[in-house]
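The sequence shown runs 7 to 380 under our numbering.
Hints are computed from structural coordinates only; laboratory data are not their basis. Heads up, a few of these hints could be off.
Simulated pairs of lysine to aspartate or glutamate, EDC-like, Cα-Cα distance not exceeding 20 angstroms [as the list claims (entries may be wrong)]:
no.: 1; residue 1: 260; residue 2: 374
no.: 2; residue 1: 229; residue 2: 24
no.: 3; residue 1: 351; residue 2: 148
no.: 4; residue 1: 351; residue 2: 24
no.: 5; residue 1: 314; residue 2: 227
Just the calculated beta-carbon pair ranges, DEER-fashion [stated by the list, open to error]:
no.: 6; residue 1: 31; residue 2: 162; range: 33 to 41 angstroms
no.: 7; residue 1: 168; residue 2: 229; range: 26 to 34 angstroms
no.: 8; residue 1: 289; residue 2: 196; range: 28 to 36 angstroms
no.: 9; residue 1: 86; residue 2: 260; range: 46 to 54 angstroms
no.: 10; residue 1: 345; residue 2: 283; range: 21 to 29 angstroms
no.: 11; residue 1: 292; residue 2: 354; range: 17 to 25 angstroms
no.: 12; residue 1: 29; residue 2: 148; range: 40 to 48 angstroms
no.: 13; residue 1: 230; residue 2: 29; range: 16 to 24 angstroms
no.: 14; residue 1: 85; residue 2: 232; range: 24 to 32 angstroms
Just so it is clear, the structure is predicted and the values come from calculations on it, not from any experiment. Glycine included, C-beta positions come from ideal geometry on N, C-alpha and C.
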Amino acid sequence: MLHVYTNLPLALLPILIDEYGLSILLAGIVVSIPRAFSLVFSVPSGLLADRLGHTKLISFSLFLDVLAASLIFLFPNVEIDVLGFSLIALASTFYHPPALSATSNISPSDFLTRALGFHGASGTLGISLGPITLGFVLGWREWRYVYLIWIAPIFFIAAAGFFVNIDDHLNEGHDKRKKKRLTTPLKDVLSVNFLSFLLLMLFASAASGTISTYLTTYLTESKGLHASLASIVFGLSPLIGLASVIIGGYAGDKLGWRRSLTLAISTVTIALFLMFVSTSIMQTVLFYFVYGFFNIMTMPIMTSLVAKIIPQKSRGTAYSLQFIPESVIGIVLPIMLGVLINLFKIWIIFPIAIVFFIIVLIVTQTLEIQWIGK
Numbered sequence: 007m008l009h010v011y012t013n014l015p016l017a018l019l020p021i022l023i024d025e026y027g028l029s030i031l032l033a034g035i036v037v038s039i040p041r042a043f044s045l046v047f048s049v050p051s052g053l054l055a056d057r058l059g060h061t062k063l064i065s066f067s068l069f070l071d072v073l074a075a076s077l078i079f080l081f082p083n084v085e086i087d088v089l090g091f092s093l094i095a096l097a098s099t100f101y102h103p104p105a106l107s108a109t110s111n112i113s114p115s116d117f118l119t120r121a122l123g124f125h126g127a128s129g130t131l132g133i134s135l136g137p138i139t140l141g142f143v144l145g146w147r148e149w150r151y152v153y154l155i156w157i158a159p160i161f162f163i164a165a166a167g168f169f170v171n172i173d174d175h176l177n178e179g180h181d182k183r184k185k186k187r188l189t190t191p192l193k194d195v196l197s198v199n200f201l202s203f204l205l206l207m208l209f210a211s212a213a214s215g216t217i218s219t220y221l222t223t224y225l226t227e228s229k230g231l232h233a234s235l236a237s238i239v240f241g242l243s244p245l246i247g248l249a250s251v252i253i254g255g256y257a258g259d260k261l262g263w264r265r266s267l268t269l270a271i272s273t274v275t276i277a278l279f280l281m282f283v284s285t286s287i288m289q290t291v292l293f294y295f296v297y298g299f300f301n302i303m304t305m306p307i308m309t310s311l312v313a314k315i316i317p318q319k320s321r322g323t324a325y326s327l328q329f330i331p332e333s334v335i336g337i338v339l340p341i342m343l344g345v346l347i348n349l350f351k352i353w354i355i356f357p358i359a360i361v362f363f364i365i366v367l368i369v370t371q372t373l374e375i376q377w378i379g380k
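Model the full assembly from the supplied sequences, consistent with the hints where possible.
Structure, rendered in structure tokens:
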């Protein structure tokens, strides 16, 4: 449920450009600012997850979502919109370390990637619901109502979280390790092993972010799609990915991370090229769905790598650091792309993304990761 708002700023980009008279470059800055919030709080969120437990932090992140949505709905101006988007990004930053850490800690090692695939499927559903809801809302109300619609469900889930305690069932000896956790998590994760993984994440985030940031703008400006339809298309891709994230988990367990990741990224690269050369909107949408299916397939493969190379007691910190490359790319990339789009038009996002995905393939083949496990 937390992810309902996650991709809405990207789906809203062409609408915000029209409503506030923003240039592509300024729109890129609007998207970048929330990523800066995520980056600043990435490490603290992981440390809090390892020290304070999982349940409270998850509930706190959901309440933060409610606050952000309320601000966006009640105070219609660009400054409050950016603040709301930033609080939503911050909520996601606080949510992921405890949620992923809890999932990996309770999962058997031979089922780990599939378990993270099922967890990812729930997030993927939320990511798809936001833009799809926006597409329907635009037919009868202004876009801010999409935030109002989801406030009550998220609030009730956040409140219910205070009556559920998963921490007692996660780790034996938690109390004995509590003092040790104040000093050890960063030492455990700052290794060549984990930093090599972060390099892979850096290029993967750059590749995916190049497409997701300006896709709805591309569909409206280059393909002539109405903003409501562009938002629905944007939301349908992760909805289709509900199956792919589970398939990705299965493939990761059966084929290994390198072979399964190579298969997915190779297909993604081909789909992007076909999307780039497509002459009709139907072809563009079809190949975008293929791209989305296999790109989402990589999620459980990536997240399972953290659980396999980081000791259990430090995974909250590790999962927070996992999102640092995404945050850094999310700050810099939209602005750089905005400059390039002004110079070359919006089609430039496709060759840039293809180059990044090719780099991901090369890094995948050369990367050596040593398993540590639990």
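Residue 232 and residue 85 - C-beta distance against the hinted 24 to 32 angstroms
28 angstroms, holds
Given a hinted range of 28 to 36 angstroms, is it respected by the beta-carbon distance of residue 289 and residue 196?
46 angstroms, violated
Keeping to a limit of 20 angstroms between CA atoms, is the pair of residue 351 and residue 148 held or broken?
29 angstroms, violated
Could you tell me whether the CB distance from residue 86 to residue 260 stays inside 46 to 54 angstroms?
48 angstroms, holds
Can you let me know if the beta-carbon spacing of residue 31 and residue 162 is within 33 to 41 angstroms?
40 angstroms, holds
Does the Cβ pair residue 345, residue 283 satisfy 21 to 29 angstroms?
At roughly 24 angstroms between Cβ atoms, residue 283 and residue 345 fall inside 21 to 29 angstroms, so the hint holds.
How does the Cβ-Cβ distance of residue 168 and residue 229 compare with 26 to 34 angstroms: does it lie in that range?
46 angstroms, violated
Just to be sure I understand the hint, the distance between the Cβ atoms of residue 230 and residue 29 should be within 16 to 24 angstroms; is that true here?
21 angstroms, holds
Pairwise hint evaluation, residue 24 against residue 229, where the allowed Cα distance is 20 angstroms at most:
17 angstroms, holds
Honestly, do residue 292 and residue 354 meet the 17 to 25 angstroms range at C-beta?
Given a distance of about 22 angstroms, which is inside 17 to 25 angstroms, the answer is holds.
CA of residue 260 to CA of residue 374, is that 20 angstroms or under?
Measuring from Cα to Cα gives roughly 19 angstroms; hence the hint holds.
How does the Cβ-Cβ distance of residue 29 and residue 148 compare with 40 to 48 angstroms: does it lie in that range?
Check failed, 22 angstroms falls outside 40 to 48 angstroms.
In summary, the structure is inconsistent with hints 3, 5, 7, 8, 12 from the numbered list given earlier, while agreeing with the others.
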